[in-house]
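Q: Protein sequences, first through last, are from chains A and B.
Using our numbering, the first residue of the first sequence is number 1, and each one after it goes up by one.
Using our numbering, the first residue of the second sequence is number 1001, and each one after it goes up by one.
Honestly, I wouldn't trust all of these hints.
Claimed, not checked - With a straight-line Cα cutoff of 25 Å, these simulated SDA-like cross-link-like pairs (lysine to any residue) come out:
hint, chain 1, residue 1, chain 2, residue 2
1, A, Lys-122, B, Ile-1045
2, A, Lys-122, B, Gly-1007
3, A, Lys-61, A, Glu-109
4, A, Lys-122, B, Phe-1161
5, A, Lys-61, A, Val-10
6, A, Lys-21, B, Glu-1096
7, A, Lys-61, B, Arg-1135
8, B, Lys-1122, A, Val-10
9, B, Lys-1122, B, Glu-1096
10, A, Lys-61, B, Glu-1146
11, A, Lys-61, A, Pro-118
12, A, Lys-93, A, Lys-122
13, B, Lys-1156, A, Asp-9
14, A, Lys-61, B, Gly-1006
15, A, Lys-61, A, Asp-50
16, B, Lys-1156, A, Gly-106
17, A, Lys-122, A, Ser-16
18, A, Lys-122, B, Thr-1032
Stated by the list, open to error - Per the computed footprint, the stretches of chain B lying under chain A, defined by three or more beta-carbons under 8 Å from a beta-carbon of chain A, are:
hint, stretch
19, 1104-1115
20, 1149-1159
Simulated from the structure, these hints should not be mistaken for laboratory data.
Built from N, CA and C at the ideal position, the CB exists for glycine as well.
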Amino acid sequence: MSLDDLYRDVILEHYSHPRNKGVLEPADITSEGANPLCGDEIRISLCVGDGVVRDARFDGKGCSISQASASMMTERIKGRRVEEVGHLIAAVKAMMRGEPPGEGLGDLEALQGVRRFPVRVKCATLGWVTLEQALADLARR
Amino acid sequence: MPPYQGGGEMISDVWTDHATWNELPWKFEAGTPHVAGAVGLGAAIDYLERLGMDAVSAHEREITIYAMERLAEIPRLHILGPGANERGGVVAFTVEGIHPHDIAQVLDTEGVCVRAGHHCTKPLHRRLGLGASARASFYVYTTRDEIDILTHALHKTRELFRVAG
């Protein structure tokens, strides 16, 4: 197990320069997620119109993996259709479960290395699970 | 109060439809006692008494003072809590810009085991305005060389995360 697998450059870069950090006000939906044991916290806010994620931001604190994963996520979902985002969430979760990464994951493949450090997998998926919750809440309206 | 679990030594007499219990404390101590643990504890106490608790305390203080000196050399590292003479053999700290779990992960690959998180003191961390901290602890077998390894590993951690300053 090499540390370079875990802390890929793209992850460290997003950690030190997070994209879309902050809170959207007003937002169409906001969702909060946490890993209480490690203290990672994420808040996702979305503006959604005509079935498209118009804008997305994340806020929170936590380790490099949780924050970088959420940053990459917001960058990736902006301008995407909600169904597409749903597929992306499923693809990332499948990859983190150990399945080979599907096509079109791009930079997100960097998160694969986290799988070799099982206790950190929850850090990587926190943002995605929180996003999934937000979209589920939105769908129920 | 009925016994919470059955097993050897907790019983007094048994019929097909009922049983009576041994007196306290056996009633609540079903099964084989923790014999190996008791013997191990005895050996540990003998060991510490041979060293002498004054020597144990002096070594712990010396290592803690040395560790705090070395950690203070690391830029943007903040030691939590009081000076070396007012604490036991543990030093909790934070490094600006690096989450404690990331610190622990990198130190681990350098062969240094520290704890990261709340250390069962969540209200204290909240009061200090911290999400978590890292914590190194020392004992009779901790050497100054190992403190040097810790210091070196922390420098490496800062390099990996490219923390400036």
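Q: Would you mind marking each hint as holding or not holding in the structure?
A: To see whether the hints hold, each was checked on the structure:
1. A:Lys-122 to B:Ile-1045: violated (41 Å)
2. A:Lys-122 to B:Gly-1007: Given that 25 Å is the threshold and the Cα spacing comes to 40 Å, the pair is violated.
3. A:Lys-61 to A:Glu-109: holds (22 Å)
4. A:Lys-122 to B:Phe-1161: Answer holds: Lys-122 (chain A) to Phe-1161 (chain B) is near 21 Å, not above 25 Å.
5. A:Lys-61 to A:Val-10: Answer holds: Lys-61 (chain A) to Val-10 (chain A) is near 18 Å, not above 25 Å.
6. A:Lys-21 to B:Glu-1096: holds (19 Å)
7. A:Lys-61 to B:Arg-1135: Since the Cα atoms of Lys-61 (chain A) and Arg-1135 (chain B) sit roughly 19 Å apart, the hinted pair holds (cutoff 25 Å).
8. B:Lys-1122 to A:Val-10: With a Cα-Cα distance of about 32 Å, the restraint between Lys-1122 (chain B) and Val-10 (chain A) is violated, given a limit of 25 Å.
9. B:Lys-1122 to B:Glu-1096: holds (19 Å)
10. A:Lys-61 to B:Glu-1146: violated (31 Å)
11. A:Lys-61 to A:Pro-118: holds (20 Å)
12. A:Lys-93 to A:Lys-122: Holds, at about 10 Å.
13. B:Lys-1156 to A:Asp-9: holds (16 Å)
14. A:Lys-61 to B:Gly-1006: The given pair, whose Cα atoms are some 48 Å apart, is violated under the 25 Å limit.
15. A:Lys-61 to A:Asp-50: At roughly 31 Å apart (the allowed maximum being 25 Å), Asp-50 (chain A) and Lys-61 (chain A) break the hint.
16. B:Lys-1156 to A:Gly-106: violated (29 Å)
17. A:Lys-122 to A:Ser-16: Since the Cα atoms of Lys-122 (chain A) and Ser-16 (chain A) sit roughly 20 Å apart, the hinted pair holds (cutoff 25 Å).
18. A:Lys-122 to B:Thr-1032: Cα-Cα ~40 Å, so violated.
19. 1104-1115: holds (count 3)
20. 1149-1159: With 0 residues closer than 8 Å to chain A, the stretch 1149-1159 of chain B misses the three-residue bar; violated.
Of the numbered hints given earlier, the model fails hints 1, 2, 8, 10, 14, 15, 16, 18 and 20; all others are met.
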